[in-house]
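Asks: What follows is each chain in one-letter form.
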Amino acid sequence: MPLEISLSTLVQIVIWGLINGCIYVLLASGLNLIFGVMKVVNFAHGEFMILGGYVSYWVSIYAGLNPYFSIFVSIGVIGIVGVLTERVCFRRVLGTSKLNEIVLSLGLIYVLQNAMSVLWTDKERQISSPFEFITVHFEIININMRLDLLIVIGVTVLIMAGFYILIKRTKIGRAIRATSQNRSAAMLMGINVEYMDMFSFGLGTALAATAGTLLAILFPALYPQAGAMPALKAFTIIVLGGLGSTIGAIVGGLAYGLAESSAIAILGGTWRDAIAFAILILVLVIRPTGLFGEKEA
Amino acid sequence: MKKRTQLILAVAIIAIIAVSIAAYYYLTVPPERTIKIGLVASLTGPGSAEGADMQRAAILAVEEINAAGGVYVSEYGRNLTVTLEIGDDKTKPADGVIAVEELIKSKNVDVLVGGLSSSVTLASQVPAIDNNVPFVITGASTPQVTRRTDKNTSYMFHYCTIIDDYSETIVKFLNHTVRPTLIDEGRMDPERNLRLAMLVRNDAYGIGCYDTTVRFINDLGLPIEIVEYQKFEPGATDFTTQLTLIQAAKPDAVYHAGLTAESSNLVKQGLQNVGLKTIYIAVEVCQTPQFYEILGSWGDYQILESKFGSKAASYSDAVDTYIANYMQRWKDAQGNPIIPGMMGADTYDAIYLICKAIENAGTLDKAKIRDEIENIEMDQMLIMMKNGMIWFDQNHEIDPISFIEQMTWNSTTSQLTTYIVYPDSLKQRDFELPPDYENEYS
Amino acid sequence: MLEVDGVSASYGNVQILWNVSLNVKEGEIVTILGPNGAGKTTLVKTILGLLHPNSGSIKFFDKRIDKLPTYKIVDIGIVLVPEGREIFPKMTVYENLLLGAYTNAAEKNKDQSLETIFQIFPVLKERRKQLAQTLSGGEQQMLAIARGLMSKPKLLIMDEPSLGLAPMLVQKIFNSMREINEKGVTILLVEQNVHRALEIADRGYLLEAGKMVLSGDWNELLANEHVKKAYLGL
Amino acid sequence: MKTISNLRINLKVPRVYLPVLLLATCLPIPLFGFSSFFVFVLTVTFFNISYSSSWNLLAYSGQASFGHAAFLGIGGYTTAIFTIRTSIPWLGLLLGAMASAFAGILVGLTCVKLREWFLALVTLGFSIILVAFTRELDWLTGGVHGLAVPSLLPSVNHYYYGMLALTVFSIFIIYLILKSKTGLAFAAIRENELEAKATGIDVVKYKLLAFTISAFLAGLIGAFYAHFMAYINDQIYGLDYSFLPIIISVIGGIGTIEGPIIGSALLRFISEFLRIIEPWALKIDPVVILIYDKIEPLVMGVILVAVIILMPKGISPWLRKYLMPKR
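Chains as they are written, first to last, in the numbering used here: chain A, -4 to 292; chain B, 32 to 473; chain C, 36 to 269; chain D, 100 to 426.
Only chain A is shown next, with the shape it has when bound in the complex (with noise of 0.2 Å):
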């Protein structure tokens, strides 16, 4: 069956890869963030990545914006809530020790998750976008498209390259530079890592509000528990990709979400999940620091 897929099939199959690889690729970024910054990995970032899509789901529902502006509500939100959860939690475990850490945001991901089903039940939402009953035709290869993908495809380039800038040209991406390759260097450099841990942490999370508001624009994945995977997926993608590397979270993420929609054409649904861990163990086992991982002192 797979060999006789026609040209539009397949170039269906890759949008559908290049869509999904746009929500890892805000995920792995933010998460990429703060592992760079401040050593940490947070399991619990695909909750903040749903906690962002409630915020833009009420705030285009309530004040009747277009969710496409509710982003920037939801990035502030969860930036602020990002930054608490920082100031609150992992700021008092920070360097005791790795587990606790990791621990830690088991912990969080069980409030975040339990504390969503409390507020706003099971259901699964999806956020009515205005373009909804709009499509657009492409001739050459013969195939429809709903606007809002394009329009999703878009607001992720723009807020990369927004990131991309912030991180690369400006002061503070420089002192977030600086603090994730060497802390103790940019502590002496005057740099308040502190401050930067907590920047980066709310940065990350507000990534992750505007992955979970083009998600839910899309599909109706807004629901308490939809976010855990995607976080544990992000979080292969940053170790392929090389712990730390902004392109390589970009293009890991596109790469994934390819792999992801390939391996449910060619080997069925069931290994949708399965095939990230599958690559993730096959990498660890030929190089145990990751694919392009540099070894640790």
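Everything labelled a hint here was simulated from the structure, so no lab data went into it.
Don't take each hint at face value.
Here are the simulated lysine-lysine pairs, DSS-like style, with alpha carbons at most 27 Å apart [what the hints assert, rightly or not]:
#1 C/K125 to A/K34
#2 A/K163 to C/K107
#3 A/K166 to C/K264
#4 B/K67 to D/K382
#5 B/K67 to B/K387
Chain A is already provided as a structure; the job is to place chains B, C and D on it using the hints.
Replies: For chains B, C and D alone, coordinates are given in the frame of chain A:
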């Protein structure tokens, strides 16, 4: 010294809680004998929409029965009231077992009713089997619940359409109605088979739907072929890749088997994201308010197999009364009436039939109740039966009529309504192809 | 300007410094000598607030700084060029230098500082667009010193700047140190290389096993028997 | 011989009386005519204790598995498949434990060189991959239909004693290991792997050993649990089962014998307390039933976060200070 006080306090609190928990289990004796019916439903997890409907229907049935004076049980020489105990299986097997254990052993129920997801029910029925508690299963569609061979299922009854029924009705409808319509409208070569694609939930229910479809097509020798078969994981929200592959196979119709949220979303995504403009056929599990709500105008012209038409124009007086009572009793947070679903209708019937059986038995002895359920004969209620009577066959299954509804979008009320288009005996309207329907002639 | 008074410090349960005192006056080059593991690096870390003392006080221009976080200490004008250089490997030379001018005061003068620094270390100007990790060891050391100078420090502390460098480069770096001092920057130099350190220093301290055992002018130290025996091999 | 002499020494120590007291309380419970649901619930608690203990042993060697459910499930599926096909009772338990131990060696081999978070991901990934295989290999595992597991024992009271025995057995084994040289090596590796290597400890060997024993115990417990629940499907590999022992052990006290007991007891307290007040809660607002089951994990999550922040070593050291006189 202060810390020691803290500790003593903590230990004291823990001890008090421990003692009270133990005492609770030790001392709880029911104050007065009532008929205790235990409802097993998924109130949380992926099956919560259907579970909530079962709960509402069960409460309604119990309230009606009690309002009418309860059930006369000759052993007690008086009418007993019915109390409903609810156990949440959380749509997970292990939690289902715990819920049923609790209903049987802690709440001391006389009879069980409910059970939604097939795989959950296969697990949660085990304590009922082991403790010889009659269990009228109203949700799980796998025939295994009464036909499994590893356990004695003599206390299990299946008041529900089974997967075989879904598929039988659907393939017959495809052959009897859809294929001729396509040929009449010049949409397909009369010489070729009808091209059917299937997209099912990767669990006992979904895969069962596929297996039985294949079986019926072969057994009945129908000119239908399955051109694409895709699965999705329970709880999935993104069906685009599977739908794209289905689109590539150029089907005339898509038969999809999922729970409410999955099915409605996959139809929406097929039309909206993928642009697969075809006929989508859902099965009766989706007969819930949420299904219509999510679909909205995307549901226009789409198909639902069912045996309880909550939105269809009146086809049975009992159903009309039930819908009116239900909507009177249940309103959502905004005060709008909630529309009943199919699983609730099953459960509602089942509670009446259980009470009838208890009345016949004249006792609350579980074995006697079981015998009376096995031999029950009463008029059909909400679910229409092939011979108009409720009775169980040798497999402890019923023989219901299921039908096909087509949805239409009413843009003035912004609501979906449905009409029965198959079988002819119940037909309210003719089946129509969607205006933007696309397929290949040859 | 810097007064360290009776400082004790420890890592976890292990005490490293015992009642250490020293002072540095404006315009001086002061050196702290001592063998490996004497606690020199711990001492500078304590001054910079990377480690907080158990007891004793550290004053800078008569203000207590021993409870301040590192970034505030940097802000008031103490800069450390750390041992092992500790540059940011995946950033360009230019970005590294900009980070040196991170504090607000330094940022205002960053163009002027850059000019001065490129005068002292012309090689950095050539390589300013390269990633720092591609520089040679000596160039990295220069970058570390230059980066320290970017923040217009009042006091520049250098921890083992000559470690692992070829003698030629060491000479170059010590020359630049004098140049920096002449531009009005006070220098506290931590060194194992007693000879060279005392060549440029006004005064020196000798730290052994976490205790200050000796202090004095460069000529006094050079004349000391213990120093002669243990460090100069005479 | 060594074990016996160990025992005799320990009898002199007061701390031995607490476990004995605990055991003495647990033994007669089914005889006292408690509702059999209470017995059932306690059996589940014993399962929690023993399963968490097996995880805790692995954590004691510095390796935190995030997919421990893999071992539970392998044990369960092995015994289910074996018992269904051959109708030989009991042997499946051992086979399940051995299959799981074998899987433990395999996973351990992949994991010995990995950092904490990689290890967490690989173990988690292993259980997720198992889900896919279980669903696909339906000729063997029953696929999505799951398997009905034949009963080993006639009643819940029997299972109660079975699970209790298994729990005592696991804890005793773990106790012996922790008191032995092996336990010392585990602790050394956890504290500092490089230093441990430097002092001549064969790190790879001991890490693998920890994986094997832990997986063996988890497999054994999973096998018995499958018979107890009488049904198994791929949800046994789910995140719920993987995270359960982590939560219990961390709250109770990671790397301690009593940690899982304390954690499980706390979980049970909360759970039963909520179950008992449920009717009252529903009287106040019937809508509560839709979210009621989320309150328990929410409370556990909050406790977990609070414990990590406020007492990173768990409740156990705090209790120990008062309850267990120092030797």
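Asks: Please verify whether B/K67 and B/K387 have alpha carbons no more than 27 Å apart.
Replies: holds (14 Å)
Asks: Taking 27 Å as the top limit, are the C-alpha atoms of A/K163 and C/K107 close enough?
Replies: holds (25 Å)
Asks: Check whether the Cα positions of B/K67 and D/K382 lie no farther apart than 27 Å.
Replies: holds (19 Å)
Asks: Holds or violated: A/K166 with C/K264, Cα cutoff 27 Å?
Replies: violated (51 Å)
Asks: C/K125 and A/K34: Cα distance at most 27 Å?
Replies: holds (17 Å)
In summary, the one numbered hint that this structure violates is 3.
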